[in-house]
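Undergrad: This is what each chain is made of:
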Amino acid sequence: MTLPLHGIAVKVRGLNLEHPWQVIRAHAATNPSGHAADAALIKSQDDVAAAIGSGFKKAIVIGEVLANGLDEMPGVVNLADQYEYLADGDILGLQAGTRHFRTLYRRSSTHNSFLVTERCNHYCLMCSQPPRDIDDRWILDEIKAAILLVDPQTKSFAFTGGEPLLEWRTFIEVLEQCRDMLPNTAVHVLTNGRAFANNAVVSAWEGVRHPNLMAAIPIYSAVDCVHDYVVQAQGAFHDTVLGVLKLKDRGQRVEIRVVLHAITAPRIVDTCRWIARNLPFVDHVALMGLENTGFTLANMDLLWIDPVDYKEALARAVEYLVFAGVKVSIYNLPRCVLAKSTWPFAVQSISDWKNGFVEACDACIERPRCSGFFTSGRPKYSRGVTPILARLEAIA
Amino acid sequence: MSRFLPAEAFHGTENAIQLLPLRFERAGYGGYLVSNMVGDFVRLSTDEFHRLVEGNVIPGDDLYEKAFAAHLVSRAGQTAQLQVVAARLRSRMAFLREPSALHMFVVTLRCEHSCPYCQVSRQSTDKSRFDMTEDTAERALSIALESPAAHIKIEFQGGEPLLNFPLIAKIVENAIQAAPKVGKEVEFVIASNLALLTDDILAYCKRNSILLSTSLDGPEDLHNRNRPRPGGNSYKLAVNGIKAAQKALGTDRVGALMTTTEASLDRVEEIIDEYVALGLDGVFLRPLSPYGFAVKTKQIKKYDAKRWLDFYKRGLHYILDINRAGQDFFEFYTLLLLRRMLTDQPIGYVDLRSPAGIGLGALVYNYDGKVFASDEGRMLAEMGDNTFELGHVDSDNYRSLILSDKLIELVGSSLTQCAPECLNCVYESHCGANPVYHHATQNDPVGIKPLSFFCVRQKGILSTLIDLLDNSPNEAKVLRQWSAM
Numbered sequence: 253m254t255l256p257l258h259g260i261a262v263k264v265r266g267l268n269l270e271h272p273w274q275v276i277r278a279h280a281a282t283n284p285s286g287h288a289a290d291a292a293l294i295k296s297q298d299d300v301a302a303a304i305g306s307g308f309k310k311a312i313v314i315g316e317v318l319a320n321g322l323d324e325m326p327g328v329v330n331l332a333d334q335y336e337y338l339a340d341g342d343i344l345g346l347q348a349g350t351r352h353f354r355t356l357y358r359r360s361s362t363h364n365s366f367l368v369t370e371r372c373n374h375y376c377l378m379c380s381q382p383p384r385d386i387d388d389r390w391i392l393d394e395i396k397a398a399i400l401l402v403d404p405q406t407k408s409f410a411f412t413g414g415e416p417l418l419e420w421r422t423f424i425e426v427l428e429q430c431r432d433m434l435p436n437t438a439v440h441v442l443t444n445g446r447a448f449a450n451n452a453v454v455s456a457w458e459g460v461r462h463p464n465l466m467a468a469i470p471i472y473s474a475v476d477c478v479h480d481y482v483v484q485a486q487g488a489f490h491d492t493v494l495g496v497l498k499l500k501d502r503g504q505r506v507e508i509r510v511v512l513h514a515i516t517a518p519r520i521v522d523t524c525r526w527i528a529r530n531l532p533f534v535d536h537v538a539l540m541g542l543e544n545t546g547f548t549l550a551n552m553d554l555l556w557i558d559p560v561d562y563k564e565a566l567a568r569a570v571e572y573l574v575f576a577g578v579k580v581s582i583y584n585l586p587r588c589v590l591a592k593s594t595w596p597f598a599v600q601s602i603s604d605w606k607n608g609f610v611e612a613c614d615a616c617i618e619r620p621r622c623s624g625f626f627t628s629g630r631p632k633y634s635r636g637v638t639p640i641l642a643r644l645e646a647i648a
Numbered sequence: 003m004s005r006f007l008p009a010e011a012f013h014g015t016e017n018a019i020q021l022l023p024l025r026f027e028r029a030g031y032g033g034y035l036v037s038n039m040v041g042d043f044v045r046l047s048t049d050e051f052h053r054l055v056e057g058n059v060i061p062g063d064d065l066y067e068k069a070f071a072a073h074l075v076s077r078a079g080q081t082a083q084l085q086v087v088a089a090r091l092r093s094r095m096a097f098l099r100e101p102s103a104l105h106m107f108v109v110t111l112r113c114e115h116s117c118p119y120c121q122v123s124r125q126s127t128d129k130s131r132f133d134m135t136e137d138t139a140e141r142a143l144s145i146a147l148e149s150p151a152a153h154i155k156i157e158f159q160g161g162e163p164l165l166n167f168p169l170i171a172k173i174v175e176n177a178i179q180a181a182p183k184v185g186k187e188v189e190f191v192i193a194s195n196l197a198l199l200t201d202d203i204l205a206y207c208k209r210n211s212i213l214l215s216t217s218l219d220g221p222e223d224l225h226n227r228n229r230p231r232p233g234g235n236s237y238k239l240a241v242n243g244i245k246a247a248q249k250a251l252g253t254d255r256v257g258a259l260m261t262t263t264e265a266s267l268d269r270v271e272e273i274i275d276e277y278v279a280l281g282l283d284g285v286f287l288r289p290l291s292p293y294g295f296a297v298k299t300k301q302i303k304k305y306d307a308k309r310w311l312d313f314y315k316r317g318l319h320y321i322l323d324i325n326r327a328g329q330d331f332f333e334f335y336t337l338l339l340l341r342r343m344l345t346d347q348p349i350g351y352v353d354l355r356s357p358a359g360i361g362l363g364a365l366v367y368n369y370d371g372k373v374f375a376s377d378e379g380r381m382l383a384e385m386g387d388n389t390f391e392l393g394h395v396d397s398d399n400y401r402s403l404i405l406s407d408k409l410i411e412l413v414g415s416s417l418t419q420c421a422p423e424c425l426n427c428v429y430e431s432h433c434g435a436n437p438v439y440h441h442a443t444q445n446d447p448v449g450i451k452p453l454s455f456f457c458v459r460q461k462g463i464l465s466t467l468i469d470l471l472d473n474s475p476n477e478a479k480v481l482r483q484w485s486a487m
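Those sequence lines, one after another, are chains A and B. Under our numbering, read the first sequence as residues 253 to 648, first letter to last. Under our numbering, read the second sequence as residues 3 to 487, first letter to last.
These aren't lab readings, by the way, just hints derived from the structure by calculation.
Heads up, simulated DSS-like pairs for lysine-lysine below, C-alpha to C-alpha not over 25 angstroms straight-line: (1) Lys186/B with Lys155/B; (2) Lys579/A with Lys479/B; (3) Lys303/B with Lys315/B; (4) Lys579/A with Lys592/A; (5) Lys249/B with Lys155/B; (6) Lys295/A with Lys606/A; (7) Lys295/A with Lys309/A; (8) Lys563/A with Lys479/B; (9) Lys592/A with Lys479/B.
Could you put the whole structure together from the sequences, leaning on the hints where they help?
TA: Right under this line is the structure:
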């Protein structure tokens with residue numbers, strides 16, 4: 253199933269309509285809160301009374317507007333039933349004037365990510381978040397406000413884009429805030445890494461001294477022109493590789509990401525052998541199945557390759573990395589399309605809000621350990637999808 | 003009209019494609035074996051090779067992609083790829099940052115064995131003349147502690163060093179006291195035939211974390227024939243010693259080395275079985291070196307490089323079969339070379355480096371106080387050739403030894419990076435200068451490489467390994483695992 257992470261509120265009342273955006277944290281109605289951003293989470297009639305009793309000045313109301321007592325609540329944002337998943341501690345970004353909102357953070361999720369900007373200096377053939385050339389610098393302010401509300405017990409979250417480092421000075425401030433407010437939260441930044449070719453950016457990044465920060469940077473090929481083609485930007489390979497070197501030279505943590513599709517998968521052995529020989533000091537390599545959404549839908553003919561057709565190559569690619577001592581994981585690919593030797597590297601990577609299984613999976617003994625599928629976009633399934641059954645000798 | 007540009011749009015015509023430095027060799031199958039500045043190998047067909055050197059390479063022709071990924075070509079004005087290569091080269095040469103990490107003390111030249119292949123020209127009598135004195139040992143230790151490496155290894159050599167065990171104990175105690183004061187860690191090894199090993203000595207080794215290294219040439223008859231001693235029981239004593247040391251110190255605290263004689267050549271499997279049976283984790287298939295009695299008794303002339311290579315290849319295949327059957331067992335020289343070939347770890351093994359390991363890798367303090375640039379250097383001195391004598395513990399310190407004109411001249415003149423033959427050799431990145439060997443055999447620290455057993459052996463082993471890595475997936479898997487050790 254796919255959780256809706258954004259939408260338009262049914263009704264917004266009594267909240268600051270002039271301010272272009274505000275950040276609201278859902279809070280248990282029974283529990284008084286001193287924080288101005290906290291709104292009582294109301295899912296039942298009982299919650300209404302509790303919220304008013306607890307002294308809340310605003311509320312998030314899920315489903316049909318409840319009749320009695322809500323008029324006493326000064327501020328109300330009313331959301332449709334499908335946002336039922338919202339729970340204590342979750343954070344919304346609301347544009348009260350247009351009633352647009354996004355779920356910025358769910359406390360129970362291990363897959364939280366903050367979109368930093370929709371702008372990007374790449375235009376990847378398979379981008380799942382097609383860039384838009386708009387001035388959305390306000391998002392960084394929204395993030396700064398949201399960070400203050402994130403549960404300090406949160407294990408990890410990510411910053412994505414667009415390219416988060418386009419406004420690198422402000423973004424560095426966000427990282428400093430993470431360091432100060434959320435010292436126990438691992439932070440993953442999905443960036444194309446080109447900004448790190450600039451010494452000032454690497455110095456600022458290093459200067460944050462965040463205790464658990466990882467730059468996750470894509471390299472799609474060992475060959476400059478192939479990488480540049482995939483990301484649709486001349487000179488990208490050069491800047492990205494230079495950026496990775498500079499980060500590692502300063503002892504910063506780097507993950508290399510390779511999305512597997514018809515341009516990258518046929519060369520995956522060469523790419524991984526190249527990484528193993530030339531960048532064995534990176535902290536992690538993620539080899540990632542394609543998500544059929546965003547630009548991938550437009551470029552399907554160019555990008556689609558059935559994962560079973562690169563299964564053996566992927567196994568060899570993993571082997572090169574393992575022998576070089578490089579930590580490697582396979583993301584987004586179900587076990588039935590992977591060589592068994594690579595199962596130990598295959599992780600349940602798909603974000604909880606867009607993860608699902610198909611009917612064939614019901615009989616599969618590997619399901620509890622399997623990544624399953626994306627439910628987002630327009631899922632396209634491998635002809636190799638088939639339940640893995642217990643081995644005969646095990647049954648006998 | 004698509005918003006996306008086709009692949010050709012990124013072929014980048016503004017920045018000229020440049021050829022980077024490369025080395026090559028015509029390969030048996032008609033193509034070329036090519037290596038880049040850091041020793042990565044790539045195979046090219048004759049046509050591809052000619053197109054590459056003529057600069058007839060364009061993105062999209064597959065050759066560009068192959069050559070770019072292998073650092074054979076780059077784009078003018080782009081620095082990232084050159085930075086990658088520079089970082090790798092820096093890592094590969096980083097052994098230079100820990101100069102003189104090995105210090106060998108020849109505590110006596112006496113030995114109770116009488117091996118005809120003895121390369122150190124052992125003495126059998128006259129304790130007073132061939133034992134190191136306490137004064138000499140003390141001076142030698144202070145020089146060792148002056149060397150810049152933070153972690154040093156002191157190896158006790160002979161002769162049979164256990165014949166002068168009290169001096170070993172003295173040096174160990176002094177070193178343990180003095181090293182922390184200069185911020186150094188010291189590790190100790192005794193190279194012994196173990197014939198004189200006692201429980202007391204083992205207990206001492208245990209207390210002071212001393213490693214043992216011994217000689218085991220193979221099955222009993224072969225070993226005893228190679229290594230005669232009164233009683234003809236060298237094999238029994240060595241095997242008992244290994245077992246006792248494994249028990250007392252741990253299996254990883256004792257190692258053995260074999261020396262190949264003519265009588266070994268047909269028996270590599272038996273030799274390896276012997277090592278496996280003893281629970282040793284690997285074997286070092288090691289040819290005779292042209293020093294000492296090995297030359298005098300003409301042992302060295304009894305086989306040529308080709309026969310030795312056949313011996314090595316048979317042994318390697320036998321060992322790979324053992325591994326494929328599920329048991330980890332190494333050939334240590336192969337393991338070293340694989341780490342050189344498949345990783346950029348700095349490997350400072352003294353014979354396999356350029357700048358050479360003489361002095362910069364090891365210093366040898368002879369029983370008489372003379373200091374040599376390598377173990378082989380003192381072996382030559384016993385044959386009347388003092389080329390590698392750097393000085394004396396009484397009159398020199400670390401600086402004067404390491405900066406002596408003699409050492410600088412020997413190191414500087416033997417660099418494989420610019421020596422004839424080596425300079426263009428496709429295997430250069432994985433080889434070493436070895437000036438002592440070439441001086442000993444050709445009276446020249448550089449030597450004529452096609453006449454060198456060392457060179458033929460290196461090329462033979464490296465080409466065997468490249469062939470296995472490229473063409474034998476099952477063997478390649480084992481070899482890759484070794485490189486990660």
